[in-house]
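Visitor: Chain order of the listed sequences is A and B.
Mapped onto our numbering, the consecutive letters of the first sequence carry residue numbers 130 to 566.
Mapped onto our numbering, the consecutive letters of the second sequence carry residue numbers 130 to 566.
There may be inaccurate statements among the hints.
Just so you know, same-sequence chains aren't split out, so a pair can sit in one copy or run between any two.
To be verified - Below, in silico cross-link-like pairs of lysine to aspartate or glutamate (EDC-like), each with a Cα-Cα straight-line distance of 16 Å or less: (1) 402 with 155; (2) 144 with 541; (3) 299 with 155; (4) 316 with 452; (5) 253 with 190; (6) 404 with 452; (7) 144 with 470; (8) 292 with 398; (9) 503 with 322; (10) 401 with 380; (11) 464 with 320; (12) 313 with 438; (13) 326 with 427; (14) 290 with 322; (15) 368 with 466; (16) 503 with 449; (17) 253 with 310; (18) 445 with 470.
Rather than coming from a laboratory, the hints here were simulated on the basis of the structure.
Protein chains: 2
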Amino acid sequence: MTVTTFSQNFKINSKELVETIHSTADQFGAKGVWGPEPTQTGVCRLALSDIDKQVKDWFIEETTKLGCTIKIDECGNIFATYPGKNNNAAATGMGSHLDTQPTGGRYDGIYGVLSGLQVLRTLKANNFVPNFPITLVDWCNEEGARFPMSLMASSVWAGVKTKEEIYALKDIYDNKTTVYEELKRIKYLGDVECSYKANPLHAHFEIHIEQGPVLEKYGKKIGVLTGAQAYNWLNINIKGMSQHTGTTPMEFRRDALLATANIIVGINEVAKKFKGLASIAKLSLLPDVVNVIPGDVDFVLDIRHETDEGLVNIRKGCLEVIETACLNKAGNGVKLEYTIEDPYPYPATHFNKKLVEIIDEAAINIVGEDLKHKMVSGAGHDSCATNLVIPTAMIFVPSKDGVSHNPCEHTEPEELEAGFRVLLEAILSYDHYRLSE
Amino acid sequence: MTVTTFSQNFKINSKELVETIHSTADQFGAKGVWGPEPTQTGVCRLALSDIDKQVKDWFIEETTKLGCTIKIDECGNIFATYPGKNNNAAATGMGSHLDTQPTGGRYDGIYGVLSGLQVLRTLKANNFVPNFPITLVDWCNEEGARFPMSLMASSVWAGVKTKEEIYALKDIYDNKTTVYEELKRIKYLGDVECSYKANPLHAHFEIHIEQGPVLEKYGKKIGVLTGAQAYNWLNINIKGMSQHTGTTPMEFRRDALLATANIIVGINEVAKKFKGLASIAKLSLLPDVVNVIPGDVDFVLDIRHETDEGLVNIRKGCLEVIETACLNKAGNGVKLEYTIEDPYPYPATHFNKKLVEIIDEAAINIVGEDLKHKMVSGAGHDSCATNLVIPTAMIFVPSKDGVSHNPCEHTEPEELEAGFRVLLEAILSYDHYRLSE
């Protein structure tokens, strides 16, 4: 049986994508050598830095060459629009981000924008005019590494943050510098209103590295995302009693770290029981001295689940674990006091069913049924913001060892190319689907 | 039945001891207010500081007034000798230290020296000439808080450290300053050889606050010490894998903190099983970020036992716990690597049986059988050094809530007075016993 795909008659140069990933990494922020090959470094490209300006300039130059029109909005988002037959309709969107973590790799975000660029290059090389315009977006400051708000400018576009809020954000390395000043300084304070109403997209497709080990462990090549997890971060403090480790018998102790250890063990069981995630990864002790029993432990409990109901169950299970650990185990009959800061959770994201179906079909056509995997995103992405206001869906490619936010973040060239092929197919398929809407 | 004690006919002014504790605290380093009363502060009197010099000068002045002769040795120890009938024999020693932790209280060490001073004042006030001379020692830098070696100058005196080693120690707050320079600067670089051979004592008695909760919990007033615990500090590193908490399913994690949590729980059980102590109180995570699974955990395992054999058992049990935790639980089938720095342990201290018997009898005579308690010291003391070379034993008084190395370290005045009474009785008893040797 021959499968008919929208991209089957296209000349495709997917190697050009991999070359572009490496050449832009080399030019714009290469840092963190992890192997002997010249491509074996990470990238440090903090949002609104000089290097971010340089890659933004390059992005505009490349997309302009392809015949795109450029809009820069008042939050530094860049919209490069490839014309279609019907330019009065809102464009089909693709996008991700070109900024990185300080210890970033070559793929996180970058791969999504450059795959979108490769889609546009492919249309151009094939002299293909889509039914509707196609807009490639470089969303500004997805990482929140320098200016501490992740999904920064996509959140303003989606109406859940205001431009005033983000303008006032301060550089964590230099608290005299704000987003507003830096946007102005690097000349990316555009005049287009940052809003899905004033500057709409018809849909948003995003391809991204997984940043987790699931595809690799299951031997899959394409993740078809149905959504992103609900999550919450709870700040917890346990109070014990600081006493000399040498002079305080075990039966007279109130050890806040022992309570915390029981909690760490317990929340891991809760997460498994409810098929979600629970992690304690940031923790501090007072006084943190070899021979003084910890009198005070602070930690953050990170809980996640595919569903909002699942998150409620995990939260409940973890709170029971905390209560039990403080009640019974570590205080030798004296209950340890604890406090919990328990903010409102981030709800689960559910991507648009039609877009998920289009991506799923594209994945089957490109890599086959056996190599694609339906999953949810563990991390947040610009698509979580766009999904609030327009049809959105995402594609994942494998991350070697699940490593990300690390220079040695890696995805094999053939996996990068297969992902791009799925994105191209999905974009063409959606462009065709829009005719019937 | 009337009990005959050696001190029964003495005029005793034990309130003077408590007054001296407070007046010297007020004059020499009061710091850290913890209550509304003027006596409710701690003391910060770092070894070889200006304040330490001032209290040393005061100590010499007070003991000289009582008719003592003074020797200052080349490590800053001060020996104040009250004459006896037979001044050719080595003196009976009593001593402790006048230096404190930066967040010290009014009693740790200080109580021992000032109780010794009160013994000498009592002999003087009663015109009592002992059979043998009695030397009160202010041991230099017991705490090791500023110059990082605890039991510093008593260890040189006992021959287990050299004066060259301690002269070279650097101020942890200012690495340009050494012990040698500070001894010289404050004029306590004496000319007497720092050695139990050149400047002998016949025995060493030390009274100290417990710094733990045992006497208080058991409702006892006097601890009769039979020795001090064996102990060891093991530096342990556990390697997991840093991965995103949101993207890494529980079953694919290698969580170094989960392994550590299982270890903390396990070593607590081991300690209880072998009736010793095991504590983890200093711990650091890498990267210590909310949403990154800890890839690396460093911690110190502090183990202690009354006997060397007990310490061997605890060490063995803890090593099994570590192996099991890294093998089975946290790596989802992948063994976590770990390293252990396992120095040679400090062996158990066993005090001189005769001195322990003398203190025990003195305690029975002063507070009664029911209020004295045989125990071992959890912390190190100058007596652990002197015990290596001369008959040594110690007396403890209760510490409120077991708190020490803290400004609010507290012992009730009547407990301080009772302790002094036991020391006086023991010194007189030993002076009498020496006639029969």
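Visitor: Now tell me if each hint is right for this structure.
Guide: The hints, checked one at a time:
1. For a Cα distance limit of 16 Å, the shortest separation of residue 402 from residue 155 qualifies neither inside one copy, at 45 Å, nor across copies, at 59 Å.
2. With identical chains, the CA atoms of residue 144 and residue 541 are at most 16 Å apart within one copy only, with a shortest distance of 12 Å there and 81 Å across copies.
3. Proximity of residue 299 and residue 155 under a CA criterion of 16 Å is satisfied in neither setting, with 28 Å inside one chain copy and 47 Å between copies.
4. Taking the shortest alpha-carbon separations for residue 316 and residue 452, neither the intra-copy value of 53 Å nor the inter-copy value of 57 Å comes in at or below 16 Å.
5. In this homomeric assembly, residue 253 and residue 190 come within 16 Å of each other (Cα to Cα) only inside a single copy, at 15 Å, whereas the closest approach across copies is 97 Å.
6. Taking the closest pair of Cα atoms, residue 404 and residue 452 never come within 16 Å of each other, the shortest separation being 22 Å inside a single copy and 28 Å across copies.
7. Taking the shortest alpha-carbon separations for residue 144 and residue 470, neither the intra-copy value of 49 Å nor the inter-copy value of 50 Å comes in at or below 16 Å.
8. Proximity of residue 292 to residue 398 under the C-alpha cut-off of 16 Å is found in neither arrangement, the shortest distances being 42 Å within a copy and 55 Å between copies.
9. When the C-alpha separation of residue 503 and residue 322 is checked against a cutoff of 16 Å, the pair qualifies neither within a copy, at 36 Å, nor between copies, at 80 Å.
10. In this assembly of identical chains, the alpha carbons of residue 401 and residue 380 lie at most 16 Å apart only when taken from different copies (8 Å versus 32 Å within one copy).
11. In this homomeric assembly, residue 464 and residue 320 never come within 16 Å of each other (Cα to Cα): the closest approach is 59 Å inside a single copy and 56 Å across copies.
12. In the homo-oligomer, the alpha carbons of residue 313 and residue 438 never lie at most 16 Å apart, since the shortest distance is 44 Å inside one protomer and 71 Å across protomers.
13. Proximity of residue 326 to residue 427 under the C-alpha cut-off of 16 Å is found in neither arrangement, the shortest distances being 43 Å within a copy and 52 Å between copies.
14. Within a single copy, residue 290 and residue 322 get their C-alpha atoms as close as 13 Å, which meets the 16 Å cut-off; across copies the closest is 75 Å, which misses it.
15. Taking CA atoms no more than 16 Å apart as the test, residue 368 paired with residue 466 passes inside one copy only; the shortest distance there is 5 Å, against 31 Å between copies.
16. In this homomeric assembly, residue 503 and residue 449 never come within 16 Å of each other (Cα to Cα): the closest approach is 32 Å inside a single copy and 42 Å across copies.
17. In this assembly of identical chains, the alpha carbons of residue 253 and residue 310 never lie at most 16 Å apart, being 37 Å within a copy and 79 Å across copies at closest.
18. In this homomeric assembly, residue 445 and residue 470 come within 16 Å of each other (Cα to Cα) only inside a single copy, at 14 Å, whereas the closest approach across copies is 40 Å.
Violated hints for the displayed structure, listed by number in ascending order: 1, 3, 4, 6, 7, 8, 9, 11, 12, 13, 16 and 17.
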